[in-house]
Amino acid sequence: MAAKEKPKFAMYWAASCGGCEISTLNIGDKILAVDEAFDIAFWPCVADFKVKDVEKYPDGYIDLCLFNGAIRNSENEEMAHLLRKKSKILVAFGSCASEGCIPGLSNLTTAEATLRAVYLDNPSTDNPKRVLPQPFTKVPEGTIQIPVFYERVKSLDQVVPVDYVMPGCPPEAHQIAAVMDAVITGVPLPPPGRSIIGAGNVAVCEECPRQKNVKRIKRFYRPHEITPDPEICLLEQGIVCMGIATRAGCGALCPRVNMRCEGCYGPLDGVEDQGANMVAAIASVVEEGSGPLAGIDEAELQRRIGEVMDTLVDPAGTFYRFNMAHSLLMRARFTGDSAEKGVA
Amino acid sequence: MDNAYEPVIIGFLCNWCSYRAADLAGTSRLHYAPNMRPIRVMCSARVEPQFVLKALREGADGVLIAGCHPGECHYVDGNIKALRRYELLKRMLRQLGIEEERVQLVWAAASEGNVLADAVNRMTEQLRRLGPLRWRETVLGGDGQMAEHTDEKVAEEV
Numbered sequence: 000m001a002a003k004e005k006p007k008f009a010m011y012w013a014a015s016c017g018g019c020e021i022s023t024l025n026i027g028d029k030i031l032a033v034d035e036a037f038d039i040a041f042w043p044c045v046a047d048f049k050v051k052d053v054e055k056y057p058d059g060y061i062d063l064c065l066f067n068g069a070i071r072n073s074e075n076e077e078m079a080h081l082l083r084k085k086s087k088i089l090v091a092f093g094s095c096a097s098e099g100c101i102p103g104l105s106n107l108t109t110a111e112a113t114l115r116a117v118y119l120d121n122p123s124t125d126n127p128k129r130v131l132p133q134p135f136t137k138v139p140e141g142t143i144q145i146p147v148f149y150e151r152v153k154s155l156d157q158v159v160p161v162d163y164v165m166p167g168c169p170p171e172a173h174q175i176a177a178v179m180d181a182v183i184t185g186v187p188l189p190p191p192g193r194s195i196i197g198a199g200n201v202a203v204c205e206e207c208p209r210q211k212n213v214k215r216i217k218r219f220y221r222p223h224e225i226t227p228d229p230e231i232c233l234l235e236q237g238i239v240c241m242g243i244a245t246r247a248g249c250g251a252l253c254p255r256v257n258m259r260c261e262g263c264y265g266p267l268d269g270v271e272d273q274g275a276n277m278v279a280a281i282a283s284v285v286e287e288g289s290g291p292l293a294g295i296d297e298a299e300l301q302r303r304i305g306e307v308m309d310t311l312v313d314p315a316g317t318f319y320r321f322n323m324a325h326s327l328l329m330r331a332r333f334t335g336d337s338a339e340k341g342v343a
Numbered sequence: 000m001d002n003a004y005e006p007v008i009i010g011f012l013c014n015w016c017s018y019r020a021a022d023l024a025g026t027s028r029l030h031y032a033p034n035m036r037p038i039r040v041m042c043s044a045r046v047e048p049q050f051v052l053k054a055l056r057e058g059a060d061g062v063l064i065a066g067c068h069p070g071e072c073h074y075v076d077g078n079i080k081a082l083r084r085y086e087l088l089k090r091m092l093r094q095l096g097i098e099e100e101r102v103q104l105v106w107a108a109a110s111e112g113n114v115l116a117d118a119v120n121r122m123t124e125q126l127r128r129l130g131p132l133r134w135r136e137t138v139l140g141g142d143g144q145m146a147e148h149t150d151e152k153v154a155e156e157v
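From first to last, the protein sequence lines stand for chains G and A. Under numbering that gives the first Met the number 0, the first residue of the first sequence carries the number 0, and numbering increases by one thereafter. Under numbering that gives the first Met the number 0, the first residue of the second sequence carries the number 0, and numbering increases by one thereafter.
Hints are not guaranteed to be accurate.
Partial selection, computed: residues in chain G whose CB lies under 7 angstroms from chain A [what the hints assert, rightly or not]:
hint : residue
1    : Ala116
2    : Leu119
3    : Ala282
4    : Val285
5    : Gly288
6    : Leu300
7    : Gly305
8    : Val312
9    : Arg332
10   : Phe333
Bear in mind the hints are in silico, worked out from the structure with no lab data behind them. C-beta atoms are modelled at their ideal positions from N, C-alpha and C, and glycine is treated no differently.
Let the hints inform the model, and build the full structure from the sequences given.
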């Protein structure tokens with residue numbers, strides 16, 4: 000008896016670290032159920048497929064495609080277009096594809112400065128001829144081509160329409176298992192159109208077991224400057240915990256082990272800019288200025304509040320750790336010689 | 000510099016003091032720069048940093064937030080919250096390459112039409128000197144991609 004044709008599954012990595020694949024394999028025995036339910040149509044990490052194979056598939060051939068990684072160069076973008084065309088359901092899988100993640104932080108500098116840091120200035124780099132990658136290079140056999148390195152890192156949904164977003168750096172294995180379970184057993188997914196799957200719809204604080212009291216922050220601490228009390232809310236202790244501005248789904252893994260939430264599950268519904276909302280939230284709970292205000296020296300008050308804010312080092316890199324490419328401004332602005340230095 | 004450039008300022012004015020200051024400036028027939036597009040909000044604390052970023056991305060050259068003097072907030076300390084947010088946002092905008100003059104916070108009581116008018120005049124002049132921001136066109140423009148392959152761009156073998 001001929002087996003019923005199985006639905007097709009694909010997983011691809013663009014500009015990513017490979018952590019999403021590892022997290023997918025972390026679903027344990029369930030990976031066998033995935034293999035049983037799907038035919039793997041394309042998954043460079045675990046099986047030998049070529050782009051040529053994908054190009055030969057009819058449009059919409061792949062039933063479910065998990066796309067992780069940001070769009071950093073022209074190859075990433077080509078693959079995004081190709082897989083969009085060949086997939087019925089395209090999922091922006093993980094923080095890079097959803098919102099740029101760590102690669103997106105390079106939107107705070109220029110492509111030129113990034114290449115220089117990697118190929119020339121890094122102390123461990125040995126590059127005596129000072130060679131930088133060029134998209135096209137002439138060799139005796141002809142011209143060889145490598146992908147063009149883009150000026151700006153983009154999320155997947157900034158280059159092709161995305162059906163679902165599965166946030167997290169990486170998405171937690173239990174969330175992946177639940178989503179795969181739902182797909183395999185035919186539980187209907189929410190309507191497509193950048194809908195969030197595999198995450199909660201409350202803030203990380205809801206999942207965090209720490210004791211929460213009124214917050215009055217006197218100054219901010221970087222993780223190495225303080226040994227946090229293990230029972231009390233980290234933010235109350237002046238540690239810039241992003242939990243209040245971050246979607247739940249991870250089970251508050253980091254705060255449970257005395258580490259601040261860095262915001263990898265992205266903003267909650269209705270929030271366009273996670274970093275800006277973090278500014279709003281955290282500034283409101285600074286203690287400075289909460290005393291009596293009658294006859295106060297306005298300039299002095301502003302100076303004192305500014306001093307507290309100065310203890311929060313690198314606000315853009317902290318608040319946009321995972322969200323820079325998908326924030327309202329998307330990247331920093333460079334004028335004059337700031338472009339060459341790569342410092343806005 | 001484009002001679003036709005007129006700075007666009009989005010002004011978030013608090014209902015209780017600064018919007019009334021703007022009203023007073025009008026009824027007192029004060030002449031001041033017509034570059035501010037006022038938006039009335041209930042309190043300067045209503046101004047989310049998202050509003051400021053969105054205004055800048057969507058074409059504003061600057062954003063002015065105006066509220067009651069410290070100690071005079073209709074909601075006791077809303078303006079202090081606005082001040083704290085402003086001080087933090089200012090530091091973040093610096094990292095994003097946005098000049099300090101482009102986002103300003105002023106206190107203008109209902110009786111201070113002249114203070115508000117002066118602030119708008121001063122800011123308009125500052126923005127005139129800085130030039131247009133045009134975020135979409137100049138920062139996000141061209142999608143940030145390099146030009147297509149041309150023969151001149153082919154590097155020799157190294």
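Hint check:
| no. | hint | verdict |
| --- | --- | --- |
| 1 | Ala116 | violated (17 angstroms) |
| 2 | Leu119 | violated (14 angstroms) |
| 3 | Ala282 | holds (4 angstroms) |
| 4 | Val285 | holds (5 angstroms) |
| 5 | Gly288 | holds (4 angstroms) |
| 6 | Leu300 | holds (6 angstroms) |
| 7 | Gly305 | holds (5 angstroms) |
| 8 | Val312 | violated (10 angstroms) |
| 9 | Arg332 | holds (3 angstroms) |
| 10 | Phe333 | holds (6 angstroms) |
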